Each structure stands twice: as C-alpha cells, then as structure tokens.
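J.: Each chain is listed here by its residues.
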Amino acid sequence: GAGVSQTPSNKVTEKGKYVELRCDPISGHTALYWYRQSLGQGPEFLIYFQGTGAADDSGLPNDRFFAVRPEGSVSTLKIQRTERGDSAVYLCASSLLGTSYNEQFFGPGTRLTVL
Amino acid sequence: SQQGEEDPQALSIQEGENATMNCSYKTSINNLQWYRQNSGRGLVHLILIRSNEREKHSGRLRVTLDTSKKSSSLLITASRAADTASYFCATDIIQGAQKLVFGQGTRLTINP
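Residue numbers (the numbering used here), protein chains in the order written: chain Y, 2 to 116; chain E, 6 to 117.
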C-alpha cells in the first residue's frame with residue numbers, strides 16, 4: 002500500500018496478558034518509529050529503528066515493552082504482562098532516512114485497551 | 006516528557022475566520038514540524054520549518070519560527086469545517102536525531 006499500515010486497529014485485552022502490535026512501513030523507508038498517545042496528550046516517543054537495529058529505545062517505559070524489526074521492514078511492538086496504564090493509541094511512523102527533512106509518515110494507530 | 010506546549014489548548018471559530026495556534030519549546034531544535042490529527046488517530050504532516058528559517062507558507066497555512074523565543078505559530082487562513090482537528094507541533098532536538106517530541110496539541114473546532 003501507499004501508506005503506513007497498522008494491525009489490529011483495535012485490541013482489547015485483560016490485565017496480565019501479552020499483546021503484539023504490527024506496523025507495515027512505507028516501502029523503501031528505512032527508518033521506523035513507535036509512539037504512544039494517551040487521551041488528550043501528544044504522541045510520546047518509544048523506539049526508533051534504522052534498518053533492523055533499534056537506534057534509540059530510550060522511550061520504552063520499562064522492560065515489559067520490546068520491539069523488533071527482523072528484516073528491516075515490518076515491525077512488531079510486544080508488550081508483556083499488560084497493565085491498565087498501557088491503554089493508549091500506539092502509533093507507528095516511517096521516514097526515508099538520509100534526507101535532511103525528517104518528515105515522518107504515520108499510520109492510523111492501534112487502540113489498545115487493557116481491562 | 007513533552008517538549009512543547011501549544012496555546013491555546015482549544016480554539017473554536019467560525020468558518021472563514023483565521024485560526025492561529027502557538028507552540029513553545031524548551032531546548033534548541035533542528036527542525037519544527039506541525040501535524041494534524043483527526044479523531045485521535047493517524048497524524049498527517051502539514052509543514053516543516055528549519056531552525057534557520059523564519060517563515061514558511063503552504064497553501065492556506067503559514068508557519069513562523071522564532072528561535073530566540075523558542076516559539077512557533079501556525080496560521081490557517083479562511084478556515085473550513087474540514088479543518089476541525091487537533092494540531093500538534095513537534096521538534097527533533099538534536100542534529101541527526103530522528104525522534105520527534107510533540108506538544109500536547111490544540112483542539113481546533115470550525116463552526117459552519
């Protein structure tokens with residue numbers, strides 16, 4: 002597709018469960034980002050990939066959060082032992098690395114609800 | 006933590022009027038960008054202004070940047086009902102750094 006896609010669009014889970022959120026970036030974009038947005042707030046950075054490697058994971062809140070991008074394209078954000086405070090919209094973005102303009106293209110997000 | 010603060014938090018105007026939103030940030034920046042978000046989901050990039058630029062235009066949008074005051078403004082002229090959305094400023098702080106730091110946004114409502 003032409004844009005960034007994310008699946009699922011909505012995920013409802015119970016406290017303590019494990020969830021995986023998927024992001025398909027724009028073809029050819031080497032940089033991929035995950036953000037989290039709570040209600041009424043701006044997105045907050047979680048992690049950034051250059052190719053297959055996590056170049057900056059300083060935004061991950063704790064070790065329950067982990068993300069991978071094994072082939073440098075699709076990325077999966079994994080959350081273990083979910084807590085109610087993890088409820089938010091998780092946004093993925095990609096950009097074409099190497100340009101001086103850091104324009105990031107965002108997907109529609111996954112709304113995660115932890116009951 | 007949030008880098009920027011948008012002002013006002015909410016703005017309601019009549020269709021056809023101009024809308025101005027302001028953003029302040031705390032640290033030195035490389036670029037500042039404005040994004041739009043409908044219904045709390047995906048963000049759409051509107052415009053990017055570099056730290057060495059003072060003003061930029063794109064269609065009905067005008068962005069200014071004052072690095073001495075660490076502030077930016079977004080002006081939407083001749084507003085339309087379809088402009089109703091949340092608007093966020095975002096900065097990339099360090100040269101070459103890739104992550105964006107967003108403000109809390111301005112919720113803009115255009116009344117027909």
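Just so you know, these hints were derived from the structure itself, not from any lab.
The structure presented is a predicted model; accordingly, all values stated were derived computationally and were not measured.
Some clues are possibly wrong.
To be verified - Taking lysine to any residue and the SDA-like style, the derived pairs with C-alpha atoms no more than 25 Å apart in a straight line are:
{"#": "1", "chain 1": "Y", "residue 1": "79", "chain 2": "E", "residue 2": "10"}
{"#": "2", "chain 1": "Y", "residue 1": "12", "chain 2": "Y", "residue 2": "42"}
{"#": "3", "chain 1": "E", "residue 1": "31", "chain 2": "Y", "residue 2": "58"}
{"#": "4", "chain 1": "Y", "residue 1": "12", "chain 2": "E", "residue 2": "44"}
{"#": "5", "chain 1": "E", "residue 1": "31", "chain 2": "Y", "residue 2": "40"}
{"#": "6", "chain 1": "E", "residue 1": "31", "chain 2": "Y", "residue 2": "56"}
J.: Hints first: check each against the structure and report whether it holds.
T.: Going through the hints against the structure:
no.: 1; hint: Y:79 with E:10; in the structure: 30 Å, violated
no.: 2; hint: Y:12 with Y:42; in the structure: 20 Å, holds
no.: 3; hint: E:31 with Y:58; in the structure: 22 Å, holds
no.: 4; hint: Y:12 with E:44; in the structure: 17 Å, holds
no.: 5; hint: E:31 with Y:40; in the structure: 23 Å, holds
no.: 6; hint: E:31 with Y:56; in the structure: 24 Å, holds
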